[in-house]
Amino acid sequence: AQSVAQPEDQVNVAEGNPLTVKCTYSVSGNPYLFWYVQYPNRGLQFLLKYITGDNLVKGSYGFEAEFNKSQTSFHLKKPSALVSDSALYFCAVSALSGNTGKLIFGQGTTLQVKP
Amino acid sequence: NAGVTQTPKFQVLKTGQSMTLQCAQDMNHEYMSWYRQDPGMGLRLIHYSVGAGITDQGEVPNGYNVSRSTTEDFPLRLLSAAPSQTSVYFCASRSNRGVNEKLFFGSGTQLSVL
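Protein chains in written order, with this note's numbering: chain C, -3 to 111; chain X, 12 to 125.
Accuracy of the hints is not assured; some may be wrong.
Said to hold, decoys possible - Quick look at which bits of chain X chain C covers, simulated, 3 or more residues with Cβ under 8 Å:
| no. | segment |
| --- | --- |
| 1 | 25 to 39 |
| 2 | 86 to 99 |
| 3 | 115 to 124 |
Stated by the list, open to error - PhoX-like cross-link-like pairs, simulated, lysine-lysine; straight-line CA separation at most 20 Å:
| no. | chain 1 | residue 1 | chain 2 | residue 2 |
| --- | --- | --- | --- | --- |
| 4 | C | Lys98 | C | Lys73 |
| 5 | X | Lys113 | C | Lys98 |
| 6 | C | Lys45 | X | Lys113 |
| 7 | X | Lys113 | C | Lys54 |
Derived by calculation from the structure, the hints in this document are not laboratory data. Positions of the beta carbon are idealized from the N, C-alpha and C atoms, including for glycine.
Put together the whole structure using the sequences plus the hints.
Quick look at the structure:
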């Protein structure tokens, strides 16, 4: 069975510092990996995805993520955090291709960026 | 485009009452789905549909019914609400090109069952 884990409930970082939000996954086969962000009282928004190819994926709002197959990780990163990045971040994984593959979400990590 | 529209935004029910959460999308997406979000548990898939007339169960389908009579609409029905169904519900859609396509989410329905 596929699963995804976000080991930190909350990450605190000062504005201007680099940030990392961690994600590890477990699947049989090649994974499709996603990051979504949720701002207060809003639905989730797509940030980026890894399907195949280059292990470093760039996404919206200056975020990027690195796929590491040996460590089964897909950590979200940003070189310089902004206060407006404060939100709830979800990692998601699917190992099944085709239209009926289901996306499994992690429990979410709250990112708090302080001025 | 309005994207994915959910109604209502908030709802309070008594145990045993029924209601329907509405979801509509105007992006001509064939794939639509319902998730519930609970603290510390992330999002869990309730039901999904790959096109009009086709529905299937997700991880947590018990207590919920769905139907898909049109491409645009995918309502979620609670036939007899229970306190365990207190949650935030999200509808999401994507193209039918595959699971590697991104999901578009509605703004959610916050449901409390007393």
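Here is what the structure says about each hint:
1. 25 to 39: Three-residue rule not met by the segment 25 to 39 of chain X, so violated; n is 0.
2. 86 to 99: Not satisfied, violated; 0 residues make the cut.
3. 115 to 124: holds (count 5)
4. C:Lys98 x C:Lys73: Not satisfied, since the Cα-Cα distance of roughly 25 Å exceeds 20 Å.
5. X:Lys113 x C:Lys98: holds, 12 Å
6. C:Lys45 x X:Lys113: Holds, because 8 Å separates the two Cα atoms, which is no more than 20 Å.
7. X:Lys113 x C:Lys54: This hinted pair holds, its Cα atoms lying about 15 Å apart.
The structure does not agree with the numbered hints 1, 2, 4 stated previously, though it agrees with the rest.
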